[in-house]
Structures are given as C-alpha cells and as structure tokens.
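The listed protein sequences correspond, in order, to chains A and B. To convert, take the position in the first sequence, counting from 1, and add 965; that gives this note's numbering. To convert, take the position in the second sequence, counting from 1, and add 2; that gives this note's numbering.
Watch out, some of these pointers could steer you wrong.
Per label pair, the in silico range of CB-to-CB distance [to be verified]:
#1 T94/B / V1308/A: 25 to 31 Å
#2 G1301/A / R189/B: 51 to 57 Å
#3 R134/B / T992/A: 43 to 49 Å
#4 P1312/A / S158/B: 23 to 29 Å
#5 W990/A / T94/B: 47 to 53 Å
#6 G1078/A / Q93/B: 20 to 26 Å
#7 R159/B / M1303/A: 38 to 44 Å
#8 A28/B / N1094/A: 39 to 45 Å
#9 V69/B / I1060/A: 44 to 50 Å
#10 V1308/A / S158/B: 28 to 34 Å
#11 D239/B / V1308/A: 58 to 64 Å
#12 I975/A / H190/B: 42 to 48 Å
I should point out that these hints are in silico values taken from the structure, not numbers from a laboratory. Note that this is a predicted model, so its numbers are computed, not measured. Yeah, the Cβ is synthetic: ideal placement off N, Cα and C, and Gly gets one too.
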Amino acid sequence: MLLLPKKELITFVIFALVVLAMPIWLTPFGASYPALMQKFAIFGLLAVGFNILFGLTGYLSFGHAAFLGVGSYTAVWSFKLLTMNAIPAIIFAMILSGLFALLIGYISLKRSGIYFSILTLAFAQMSYNLAYSVLTPITNGETGLQLTVTDPRVLDLAFAERGEALPQVTLFGLDMAGYWGFYFTAIILIIGYFVAQKIAISPFGMMLKGIKSNENRMGYTGLNTKPYTLAAFVISGMYAGLAGGLLAITDPLAGAERMQWTASGEIVLMVVLGGIGTIFGPVLGAWIIKYFANIFSAINENILHDLFSFLPTSVQDFIVPIFALFVGEGWELTLGLMFVLVVVFLPGGLMEGYRRIITRYVANKSDMPVTELKQTKEPEQVEGKK
Amino acid sequence: MTTAKNNTVLHVADVHMRFGGLHALADIDLEIEEGKIHAIIGPNGAGKSTLLNVCVGRLAPTSGAVVFDGQVITGMKPHQINQIGVARVFQTPEIFSDLSVLQNVMAPAFAKRDGAFKLNFMADMGSEKAIREEAEHFIEDVGMSAELQTTAASLSRGDKRRLELAMCLIQHPRLLLLDEPTAGMSRHDTNTTIELLKKIKARGMTKVIIEHDMHVVFSLADKISVLAQGRIIAEGDPETVRNDPEVKKAYLGGAHE
Chain A
966 MLLLPKKELI TFVIFALVVL AMPIWLTPFG ASYPALMQKF AIFGLLAVGF NILFGLTGYL
1026 SFGHAAFLGV GSYTAVWSFK LLTMNAIPAI IFAMILSGLF ALLIGYISLK RSGIYFSILT
1086 LAFAQMSYNL AYSVLTPITN GETGLQLTVT DPRVLDLAFA ERGEALPQVT LFGLDMAGYW
1146 GFYFTAIILI IGYFVAQKIA ISPFGMMLKG IKSNENRMGY TGLNTKPYTL AAFVISGMYA
1206 GLAGGLLAIT DPLAGAERMQ WTASGEIVLM VVLGGIGTIF GPVLGAWIIK YFANIFSAIN
1266 ENILHDLFSF LPTSVQDFIV PIFALFVGEG WELTLGLMFV LVVVFLPGGL MEGYRRIITR
1326 YVANKSDMPV TELKQTKEPE QVEGKK
Chain B
3 MTTAKNNTVL HVADVHMRFG GLHALADIDL EIEEGKIHAI IGPNGAGKST LLNVCVGRLA
63 PTSGAVVFDG QVITGMKPHQ INQIGVARVF QTPEIFSDLS VLQNVMAPAF AKRDGAFKLN
123 FMADMGSEKA IREEAEHFIE DVGMSAELQT TAASLSRGDK RRLELAMCLI QHPRLLLLDE
183 PTAGMSRHDT NTTIELLKKI KARGMTKVII EHDMHVVFSL ADKISVLAQG RIIAEGDPET
243 VRNDPEVKKA YLGGAHE
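I would like the entire structure built from these sequences, with the hints used as guidance.
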C-alpha cells in the first residue's frame, strides 16, 4: 500500500530531495529565508490538492480559497481554545474544511462545466463575506483572528502557568516560526505529494481520469460519477484546509482576505502555469508565482542600476526604466506575460515544455520515436478533443 | 426458432415517446431473445436511436415500460442499467480520448466492479493484475494488441469503434446494444467488424444492432425489426423482411441498396 512503482518512486525521491534542499538551492535566488520557503511548501501543497480535483476530474473550482480560509480559522481556534501544538491544529483544519467541502461540493456538483465553476465561486464569495461581516464573533471580521494572552488554551494551561507574553506555535517544543517550521511544512508537502501520486495511479484515480475524459461514457459504463467527483472535491478541499492550517501555524493569524476570489484565482493560475494533470507541475507553478510575488516585487530601480552598472550610464538610463516596468509593482505584469506565453505556446504548462525538451533529446539519440510513427497514421485524428 | 416468452431478455412494452408534437415512438412492442442478434433497421428519423436511448435510460419514455431480465428498467439511471448487464456502443465512438488503449479497456472493468463507489485511492495497480490481463485479452480479441499504449485520441475511426467494443466486452454484458457499429467505415473495416461480431456471437451474448448497411444486417441478424415513422412495420427473419412489400415500399425500395 505504501509502495510506488519504480518510475513514480524515482520522481518521489527526487521531489523529496528538492524540497528538503530548498535552503541550499534557493540561496542564489535570494529566496532561502524560512518565511518564504514555508510559503513555497504550503502553496505547493495547495496546488497539489487542487490538481486532484481539476487535473484528474476536470472540474474547475473557483472557490478553493474558501477551504484555505476555513483551515486557517480552525487552526487559530485550535491554538486559542486547546493548545499551541501544531498537530491538533492541522487535524482539525482538515476535518472542518473536509466537512465544508462536502457541503459545498454536494451542491456545486449538481452542475458541471462553467456552472459548476460559477457555483463554487459564489460559495467562496459568500464565505468571504460571511467571514468579513456576519460571522465576526468567530472570525473577528476585518481585523482577522489573532491570538491573545488571555486565550483559554485548556490543554496547555492544564500543564503550565499562563505566561506574560503571547505564546508561540510549537511542535512538541520546536518553534514553528523558523527553519523548524519550514521543515515541518516541507515534510507535510512531501507526504501530500506522495498521496497525490498514489491517487493518480490507483483505480480510483483512473475513474477520475475517465470522468475528465468522458463523463458520459463513464455513466454508460456503470459508474455512478457523483460520489467520485464529490470524493475528489472533498480530498482537494482537505488539502486546501491543511494548507490553510499550515499558514496559521507559521503565522498564527487568519484574515478573511485569504478567502477572496482573487486567492481562488491564484490557485488556478498556479496549476495552469505549471501543468494541469501533472503532479509536479502545480507545485512548480505555485513556487514561481510565490517567487514573483515576494522577490520580483522587491526589486526597485536602484537594484536595477546596480545590475546594469557594467553598461555606460546613457544606456543604463535607457534600459532601467524599461525593466522597471516589469519589476517592483509591475511584477504582476511579468507574471501575466509569462502566463500568456505559457498558455499560447505550452497549453500543457511548463511541464509540457519539459516533456518536449526530453522528447527532442530522446529523438536525437534514437532514430525515430514511436510517437511520430503513430501520428503519421491518421494525422487529422491526432488533435482529438480539445 | 421463434418466440418463446421465457427466452426474452429485453422486452420493450407499449412504449410511446413524444417530443412536443412529434410522436417519435408509437406503440413499440419489441421482444429480444436471449443469445440472438436482433437488428433494428429503418430510414433516417424512424426513431431507432430514440428507441436505444430509451433502453439505456438516457430518455424516459412518455408511456410504456422497458423490462430487462424480468426487471423494469424505465426510470433507472444509465449507470444502474449498465450494472445489471446492458452495455452500449455509440454511433460516434464514446471512448476516453486522453487515456491509453489499455486504460480505456481497464476503466470499464473497474467501473463495473467499483461503480457504486469505492475509495481505493491508496491501492496499487500492481494488485489489479487480473483486470489488466483480461483487458489485454479483449484488446487482442478486437485485434489491437499492437496499440496497447497508444493514446486513444490518435486512433483511426475504425480502431476507435473496435476499442469501444472491447470496452463493452470486458464488462461481460448480457445485452449489448450497438448503434450503427459500421457507420463511416471502409468496406474492409466493415467486413472486419462483421467477422468480429460473428466471433463474439458464438459466446451467447444477446445483441441489438441498429444499422443502415444492409450488407451488415443480412450477414449478421437472426431477426429484424423494421422501424418507420416511430412504428414497427415489419418483423421476422431476414428472408421474410427482405420480401415484405411494406418494407420495400418504406425503406428498401427507395434506398440505394
């Protein structure tokens, strides 16, 4: 049950090493500080989970940020009421977001295609507005839910005296704000990746892929598709809840803006940018978007002048304002351009680019790839369903 | 050779189907015998596909009932009807375009087994060896062993149809409904398909075929029902139907073949 076939095992081991070695290979990119690496791990996990729904079943949810928010609020409440330990927080975050996903999924999955997407979007915006206003006693509205010194924390205070300072989130004594926090989130990302790999190669995963490919046929083939799509929805909602819980662990604060539709849209961008239906692609997409949001946005004209200092001043003065458009506040412009290029030239995301490079490399080595032989047979059929 | 009531697998009883003012099916009464190939022919718009859609639960008839194996199946969902033993081949192949040929044939076997719902997401494909081997067997049966790992979207139309047939066969249905299994095929592919259908006929599976191609119908069918304007105008063995004056007038006479 805990085994992977050889090919998947290799990708899994490489992935685990890449994630754990982040502090090393991110240093040249200036991104190796714990807070950002935690974000990489958490949003990677979110994207992996989103892909279980979107990548495998083809159902595009525009409301996954709602589950992220539910996870965060739940985790903070677990800190406030029970204990500052991270484990109960993520367990409750997953359970509650799972239940919430069950409810929203049950109703939204009454429709498919664009109507499904709109329903999830509507539910997420409803959740956002509830969190922002009506549910203020639970969510603390605009200010966001925060820890206070006077929180009950029944489990913690049963064993220790109430301190003067605001307590820290811990994992049995390890501080979750620094590198330990990163390694904790990294290990959860690796576990989440493993589970996603297992799902993709299981009979259950094959049913989901069948639903994506031809839901009609799946029905005439004896499969009741509803419980399958709902299970995929709940699983991916639980991933999002877990990610939300982890966000609260690395920074114990939950705000309603985490549930807004732009946050949901960002998840979709991550998955599309990286590669829908692949397991690593969404993680890659998440990393790139978070990198741009945190590093590119911090570049200003002074840094650019330093960067181009080898050029004569007149050329510098010409080049720097042009590049400045794309960094700092303009980071989203760069990201947008990149997104357009990827969608136009690599509809399968960055992972398709990777596959093309590999195929070309292999093609140069052997005389004739098998795929090309097949395609010459009936070229007009190759395009298939778009 | 003819109707023994207890031999009936599928009984379409007094089915009417109205779409607004259109009387698509009028008083259809049809009995399909166990182990036989029953062809339904008729000009375009005669209601053949509507009849098939009623049988698989895609459409609910305005009145009347469909009984499969003693059980009323009108009102049941397509997946439920499939689970009790009815499989269908579509007019335009309904396959899983982005999956491989092997996966296309394995998926219906899983669907048959886990159709109601099974959350076996941590299970290995390695432990599904029996289904894999069976799938390979049926792919060989339809003569596509060389295409095992090909993505279904890149298959030729004829191969797609054969693939869909293998997808149905792996489910071991009692009743197989084929909607124009040779439409759009070359003469060569058509003959291959006829041979294939003859081969699986020997296994005792009951089949209902909707077909335009008279060559196919007369080389395969044990019994033929002729549908015109929503009514069955003639029924019987191929010779009787071929010589029926009513049929000649409504269908064969005007057709090019």
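A quick look at each hint next to the structure:
{"no.": "1", "hint": "T94/B / V1308/A: 25 to 31 Å", "verdict": "holds (29 Å)"}
{"no.": "2", "hint": "G1301/A / R189/B: 51 to 57 Å", "verdict": "holds (54 Å)"}
{"no.": "3", "hint": "R134/B / T992/A: 43 to 49 Å", "verdict": "holds (46 Å)"}
{"no.": "4", "hint": "P1312/A / S158/B: 23 to 29 Å", "verdict": "holds (24 Å)"}
{"no.": "5", "hint": "W990/A / T94/B: 47 to 53 Å", "verdict": "holds (50 Å)"}
{"no.": "6", "hint": "G1078/A / Q93/B: 20 to 26 Å", "verdict": "holds (23 Å)"}
{"no.": "7", "hint": "R159/B / M1303/A: 38 to 44 Å", "verdict": "holds (39 Å)"}
{"no.": "8", "hint": "A28/B / N1094/A: 39 to 45 Å", "verdict": "violated (55 Å)"}
{"no.": "9", "hint": "V69/B / I1060/A: 44 to 50 Å", "verdict": "holds (46 Å)"}
{"no.": "10", "hint": "V1308/A / S158/B: 28 to 34 Å", "verdict": "holds (30 Å)"}
{"no.": "11", "hint": "D239/B / V1308/A: 58 to 64 Å", "verdict": "holds (59 Å)"}
{"no.": "12", "hint": "I975/A / H190/B: 42 to 48 Å", "verdict": "holds (44 Å)"}
Taken one by one, the earlier hints fail for this structure only at number 8.
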